[in-house]
Amino acid sequence: MKRNFPLLLVFVFGVLGIIPFIIPHPVVQGTDEFLRNNLLKILAAFALILGLGSLLRVHFDKIKRRGQNWEYSWVLIATFIVTSIIGLFGGVSGTGILPTRIGSFAFDIWTIYFNVEVPLGAAMFALLSFFMASAAYRAFRARSTQATLLLTAAFVVMLGVLPLGNEISPHLPSFAQWIMDVPNVAGQRGILFGVALGMIATALKIILGIERSWLGGGGE
Amino acid sequence: MNIVMLAGFLAIAPPASVRGYDTPDDGGRSITLEWTLSPDDGVIERYEIYRSCNGVDYEKIGVMGRGRGLFEDDTEDRRQYYYKVAAVADTARAFSEPSAPVMSSAQWLNRKKINIIVAVAVFGGLILLFIQRARRGQKLFVRKIAGLQAIDDAVGRATEMGKPILYCPGIGYIEDIATIASLSILGEVAKKCGQYNTELINPHFDPIVYTVAREIVKESYASVGRPDAFDPDSVYYVTDSQFAYAAAVDGIMLRERPATNFLVGWFRAESLILAETGASTGAIQIAGTDQVSQLPFFVTACDYTLIGEELYAASAYISREPLLLGAIKGEDWGKVIIGAIIIAGSILGLLTAFPILRLFD
Numbered sequence: 150m151k152r153n154f155p156l157l158l159v160f161v162f163g164v165l166g167i168i169p170f171i172i173p174h175p176v177v178q179g180t181d182e183f184l185r186n187n188l189l190k191i192l193a194a195f196a197l198i199l200g201l202g203s204l205l206r207v208h209f210d211k212i213k214r215r216g217q218n219w220e221y222s223w224v225l226i227a228t229f230i231v232t233s234i235i236g237l238f239g240g241v242s243g244t245g246i247l248p249t250r251i252g253s254f255a256f257d258i259w260t261i262y263f264n265v266e267v268p269l270g271a272a273m274f275a276l277l278s279f280f281m282a283s284a285a286y287r288a289f290r291a292r293s294t295q296a297t298l299l300l301t302a303a304f305v306v307m308l309g310v311l312p313l314g315n316e317i318s319p320h321l322p323s324f325a326q327w328i329m330d331v332p333n334v335a336g337q338r339g340i341l342f343g344v345a346l347g348m349i350a351t352a353l354k355i356i357l358g359i360e361r362s363w364l365g366g367g368g369e
Numbered sequence: 004m005n006i007v008m009l010a011g012f013l014a015i016a017p018p019a020s021v022r023g024y025d026t027p028d029d030g031g032r033s034i035t036l037e038w039t040l041s042p043d044d045g046v047i048e049r050y051e052i053y054r055s056c057n058g059v060d061y062e063k064i065g066v067m068g069r070g071r072g073l074f075e076d077d078t079e080d081r082r083q084y085y086y087k088v089a090a091v092a093d094t095a096r097a098f099s100e101p102s103a104p105v106m107s108s109a110q111w112l113n114r115k116k117i118n119i120i121v122a123v124a125v126f127g128g129l130i131l132l133f134i135q136r137a138r139r140g141q142k143l144f145v146r147k148i149a150g151l152q153a154i155d156d157a158v159g160r161a162t163e164m165g166k167p168i169l170y171c172p173g174i175g176y177i178e179d180i181a182t183i184a185s186l187s188i189l190g191e192v193a194k195k196c197g198q199y200n201t202e203l204i205n206p207h208f209d210p211i212v213y214t215v216a217r218e219i220v221k222e223s224y225a226s227v228g229r230p231d232a233f234d235p236d237s238v239y240y241v242t243d244s245q246f247a248y249a250a251a252v253d254g255i256m257l258r259e260r261p262a263t264n265f266l267v268g269w270f271r272a273e274s275l276i277l278a279e280t281g282a283s284t285g286a287i288q289i290a291g292t293d294q295v296s297q298l299p300f301f302v303t304a305c306d307y308t309l310i311g312e313e314l315y316a317a318s319a320y321i322s323r324e325p326l327l328l329g330a331i332k333g334e335d336w337g338k339v340i341i342g343a344i345i346i347a348g349s350i351l352g353l354l355t356a357f358p359i360l361r362l363f364d
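Residue numbers (the numbering used here), protein chains in the order written: chain W, 150 to 369; chain B, 4 to 364.
Worth flagging that the hints you see were computed from the coordinates, not collected in a lab.
Be aware that a few hints might be false.
As the list claims (entries may be wrong) - With a Cα cut of at most 35 Å, we get these calculated DSBU-like pairs of lysine-lysine: (1) W:211 with B:221; (2) B:166 with W:211; (3) W:190 with B:115; (4) B:221 with W:151.
What the hints assert, rightly or not - Quick look at which bits of chain B chain W covers, simulated, 3 or more residues with Cβ under 8 Å: (5) 120–130; (6) 171–184; (7) 320–333.
Here the structure is a predicted model, which is why all the values come from computation and not from measurement.
A virtual CB, placed ideally from N, CA and C, is assigned to each residue, including glycine.
Please work from the sequences and hints to get the whole structure.
Structure (structure tokens):
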């Protein structure tokens, strides 16, 4: 029962997910919309509570044990509590019961998001350029025939997208574009075919109960 | 008798054969209107579409440009509608004869998707066929996948060095197939961690994936007889913000210095940040994703990369379950069929001189 009930649920909801694709009737589409928009959101909300509980427990344990860098756990917990209070009681744009404005200084959840979260995310994203340069430096070495081919193609494409490439030869940008449009896309499509078929097969295996590793404890 | 309005000396011919029908293969609430263009289509400005519920009082509901003889109307189901189309030039309007009454309704089958249903049925049939063969004991060969073969060595390395293993399942949600495939591999890695008493660190992006992963890891430890070794704090939720998650995992890599990093699942722009940071710590890295755009980053920065469907094959490859191997075989034969169709279609497409190919026009 412990294993059969989840398998039955997966089968039923899997089939309910496939049917709306081929049946346009509003009864079926309405059921699908309810499952996707309502039921899934309710599940996600409960899972979020569990996830946040886990996060707080990990950090409280670290503080209790005086683990490495335990002081930063206090920073996380304090930030979590303050942001939650502002979010829950201050409203999205300062329209809640908690005042979130002192003069012209606002600290509602939207302000926190735009002035803290977004710049920090942008800073992390900006690191990508340096990591890309470092990865390219390590990867583009003429160690073998294939590596040399990769190096040459990368060199041609990088030059082709720069104005300098056009100065070197007017054919370079179009050749670079051909590399991106033909061999590159051909390779990607090959992988995508395999991915698409793999997705169908994996989904079928899970819905039909052949693949059971997600239940935990390994397959049958 | 056609109604023709005169404005000065301007006279235009009305459109003809106005026909309304229930829009096919939809969920109802739509009627498609077709008409034969006015003989004066070249000089008119537009067509105006009029609708009535009783055949007497018409109201204008839409406009189409000249040269267009098709209009789709939003309607209520099970209600009769009548249509007229007027050709308009300046102030002159030439109305067509009214259409026969028509009603919209919902269909139970979208016939445009039948080809997809057939293709999925054929493909699914192939998979089931090979699963049956596997059930009867037929040996099925699956080629070596280096990334999956290296899992044992990677876990052993971490055990010998006394360092933890970091398993990052990506930023996908539970409905992503790559995430499900990643959780299958997580189960196997967790079993080995339980057997060898190696520390596992498993941070998560999505709370639903976290709850599933927690149970998988717990069951895996129990299945190898080490339920006591399971640390509930080893599997935890971090954040559902993409770059905050990347920063958190980077911090774990730099502080905990895991000997082995698994970056398996659904990734986006943070993939290179994670892979490069892991490479800088000297860890052995096994990555896998079905995101074509992120594969080059993993191939560059990681020791082993599972590409596309190799990730989906992981569960079958590791467990060597005949049923799962049978499904892999079915997939491969599906690819053979698609490849053959592409080659045949390409050759036929090149043979444009042959009259027989006009059959496809």
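Cross-check of the supplied hints:
no., hint, verdict
1, W:211 with B:221, "21 Å, holds"
2, B:166 with W:211, "19 Å, holds"
3, W:190 with B:115, "31 Å, holds"
4, B:221 with W:151, "15 Å, holds"
5, 120–130, "holds (count 5)"
6, 171–184, "holds (count 3)"
7, 320–333, "holds (count 7)"
In the structure shown, no violation is registered for any of the earlier numbered hints.
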